[in-house]
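> Chain residues, written in single-letter form:
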Amino acid sequence: MKKSLPFFNFVLVVFIFFCFSGNVVAENIIKLGSSISFTGKHSRSGKLYIDSYKLAVDTINSKGGVKVGDKTYKLKLIFYDDRSDSSESSKMVEKLIGKDKVDFLLGPYSSGITIPDSLIARRYRIPMIEGGGASEKIFNKKNKYIFGLLPEAGEYFKSTLEYLKTVKPTPKSIAILYADDKFDLSVGEGTKKIAEKMGFKIEIFEKYSEGQSDFTSVLTKIKGKNPDVILVGGHTEEALNITQQLKELDVNPKMLSLTVGPSESDFRKALGKDSEFVFGVASWSTQMNFKGYIFKDTAEFINIFKNKFKYDPDYHNAAGIACVSVLKYAIEKAGSLDREKVREALVNSDLQTIYGTIKFNPNGQINGTSIVLQILDGKVFEVYPNTLKKSVYPMPPWKKR
Amino acid sequence: MKKNLLLISILILFSLSPFLTSNNFLIRFLTDILIFSILASSWNIIGGYTGYASFGNVVFFGIGAYSTSILMSNTGLGFFVSMILGGIIAALFALLMGLPILRLKGHYFAIATLGVAEAIKALVQNLNITEGNSGIYLPPPEMSVDGIYTFFFYVTLIVLALLLFLTSIIFKNKFGYNLKAIRENEDSANSMGINTTIYKSAAFSLSGFFSGLAGGIYAFQQGFIKPEPVFNVLITIKMIVMSVFGGLGSLFGPLIGAFTIETISEFLSSYFLVAHTLFLGIVIILMILFAPKGMLDIFINIRKKGLSYFRKNIEEHRV
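Taken in order, these protein sequences are the chains called S and C. The first sequence: position 104 = 104 (this note's numbering), numbered continuously. The second sequence: position 150 = 150 (this note's numbering), numbered continuously.
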C-alpha cells in the first residue's frame, strides 16, 4: 500500500491541476488564441507571425480597441508553443478552446500544421484566420471556418499572364521552369493551366531540383524553341543562375519573369545592369504603398515595425498584421461576438489594409492580389495592374544593352 | 493484495475520466499520453526485453498511419478494419525488415533501423498514392463533438490494455524467457538451442503491429497526415526516452514514463513558451544521473532505502 502512495499522489495532483485550471472570464475582452511555433524547425518563420500578431493587437488596443455595438473591447492574445509539430499544434488549439475559451483563432505557420488546426476550428465552429499556409489542400475541403491570407500558389503568375494580354505584340508561346518543392510545383502546374485556358502555347514545361545551379541543358532547349516568354518559379539562387546563364547563352525572350529574386535588393546588386528589365511577381513587398486599416499606410507600418523589432518586415509579417486587422473589421461589422455572425462578415469582407485589399474567394482563400514588377533603372516598380512606371516590353536583347 | 486494489482503483478512475470531466482538451491530452504509452510499450518489447535498441520504430507508426489513411479514403473501409490492416501491414514490414537487419547488433542495428525509417519516409514523400509531401486527408469521424473524444480515448485504452496483457503473458512464458536470454547473451542463447532469429523477428513484428495500430489511431484523430510528422525520428526518440524514464524492460515502466514526460512537458510549456524544452532536458538528464533504472525503480526502492538510493546510484555509475 505505502509503496505506491507517491505515484498515487502524483496522479491526483495532475488530475486536480487540469480539472480546476479553467480561467475566469474578464469583462470586455476578446480573446484571440494561436498555437504557433516558438521552438522547432519553424520557429524562425513562426516568430514573424508572433511579432505581427502582437504588434497588431497592441496597436488596436492603444487606438481604442474594438467597438461592438456601444461597447468597447480590448483584444487579448493567448499563445502556446506547437513545437513545429502538427499533432502538438492541434492539441494546443483544443487547449485554447477548452481551457482558455478563446473567441477566435489565429493561424500557425506552414500548411502541414494549419490543416489539422483548421479541422479543430471547424469541429468547434470557431473562425480561424491564417496567413501561414497557402496550400490548396487547406481550402478544398469545404471548411467554412478557415480563412487564408496567402494567395493560391497556382495563381501566382495570373496577373503576369493578364498583363501579357495587354502588350503589343501579344506573345504567343511560353516556357515554364519550376523547382520541385511543394510551393513551386503548384506554381508551375497552376500557371500551365491558366496559360492554356488563356490561349497561350506552352512550348516548354520543365521541373528542376531545388538548389540546382547549372541550367545549360534546359536553356539550350529553350533557345532552340525560342518562346516569347520565360516564367520561372524558384528561389533566389536559382533565379540568379538562370538569368546569368540566359545571358551567356544569348537567349533573348521578350519577357523573363521570376517569382523570387527581382524584388530583393541582393538580386539587383549581384546582376548589376543585367537585372534591368527583368520582371517579377509578388503578393506583397515593402515598396508597395497601400492605405492601411490599423496603420495609416504601408510606410508607417514599416517604420513602426522596424523600430520595434529591428528587422525589415516581409510578406509574412504583413499577412500577420492583416489577419488581426480583418478580424477586427469583421467583429465590428457583425456588431457582435457571435462566431457565426463574424464568420458571415469575414466571408463578405472588403477591406483595405497595409497588405492590400482583402476579399475572400468562396473557398476561404484570399482573392489573389499578386502584382507584376519590373526592374527599371535599378529599382523595382509595379507595372501591372497599377502602372507606377511604364513597363518596357519586349525586353531589349542582352547584346544591345 | 492491498497494493493491487489501489492500483486497480487508479486504473478505474483513469479509465472513467471521459465521464469525470467535460474538458475535451483533457481527454485529448490523456489520449495522446495513451498513444505514446502504446508506442513506448511496443518499443520496450524489442528495445527493453530483447535488448535491440531500435532507432527506427517510428517507421511502423508511419506505415500504420499511412495504411489506415489510404485504406479509409481510397477503399471506403471502416476505421477499425483499416486500423487493424494497418497494424498487420506494419507487422509484416517489421518481419521483412527484421530478417536482414536483426542480424546486426548494437550500434549497427540502431543505425540500420534509423536508415530504413528515413528511406521509407523519402519513399512516402515521393509516391503518388500517398500524395507525396503535401499530405493526405482522412474522412472525418461522424460523431458528436464530445463523442469523438470519448471514442478515441477508449479505442486507445483498449489497444494499450491488449498490448500490456499480451506482454505480461508472453513474459511469463517460454517466449519471453527466450527473448530475455537473447538480451543477456545472444550467443549463449543460440548454443542453448534457442532459434534466436525466429524469436527476435517475432518480437520485432509484435512491436511493429502495435506501433502500427497507434499510427492508425493517430491518423484518424488528426484527420490529416503528412510524411514529416508521422515519420519524424523524434517520435522514436520519445519512445526510447519514455521507456528509459519509466523503467526499461518492465511492464508498466514505459507507461509511467509516457505519463510523466508528457505531463511535465505540458506543465512546463504552459508556463515557459520557449524555455520549456531546456527544462525538460534538464529533468531528463537529472533522471538519468540519479535514477538510471527509471521511475518504477524509484517507487520500489525509495521506501526501503530512502535518499541513500540516489547516492548509491551515483556511486554505482561513477558519475
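None of these hints come from the bench; they were simulated from the model. Just so it is clear, CB atoms sit at the ideal spot from N, CA and C, and this is done for glycine as well. A few of these clues could be false.
[Unchecked claim] Cβ-to-Cβ under 10 angstroms is the rule here; a few derived chain S residues that face chain C:
| no. | residue |
| --- | --- |
| 1 | D85 |
| 2 | E88 |
| 3 | P116 |
| 4 | R123 |
| 5 | E136 |
| 6 | K182 |
| 7 | S285 |
| 8 | T286 |
| 9 | N289 |
| 10 | F290 |
| 11 | I294 |
| 12 | M395 |
[What the hints assert, rightly or not] According to the in silico footprint, chain S covers these stretches of chain C (three or more CB under 8 angstroms from chain S):
| no. | stretch |
| --- | --- |
| 13 | 26–39 |
| 14 | 60–66 |
| 15 | 134–147 |
| 16 | 204–213 |
> Run every hint past the structure and note whether it holds.
Tested hints:
1. D85: Holds, because the Cβ-Cβ distance from D85 of chain S to chain C comes to roughly 6 angstroms (cut-off 10 angstroms).
2. E88: 9 angstroms, holds
3. P116: Hint holds; P116 of chain S Cβ to chain C Cβ min 5 angstroms, cut 10 angstroms.
4. R123: Holds, about 6 angstroms.
5. E136: 9 angstroms, holds
6. K182: 6 angstroms, holds
7. S285: At 27 angstroms from the nearest chain C Cβ, S285 of chain S fails the 10 angstroms test, so the hint is violated.
8. T286: Violated, because the Cβ-Cβ distance from T286 of chain S to chain C comes to roughly 28 angstroms (cut-off 10 angstroms).
9. N289: This interface hint is violated because 35 angstroms lies over the 10 angstroms limit.
10. F290: Since the shortest Cβ distance to chain C is 31 angstroms, the answer is violated.
11. I294: 25 angstroms, violated
12. M395: 35 angstroms, violated
13. 26–39: holds (count 4)
14. 60–66: Since 0 is below three, the answer is violated.
15. 134–147: n = 5 at 8 angstroms, threshold three: holds.
16. 204–213: The restraint on the stretch 204–213 of chain C is violated, since only 0 of its residues have a Cβ under 8 angstroms from chain S and three are required.
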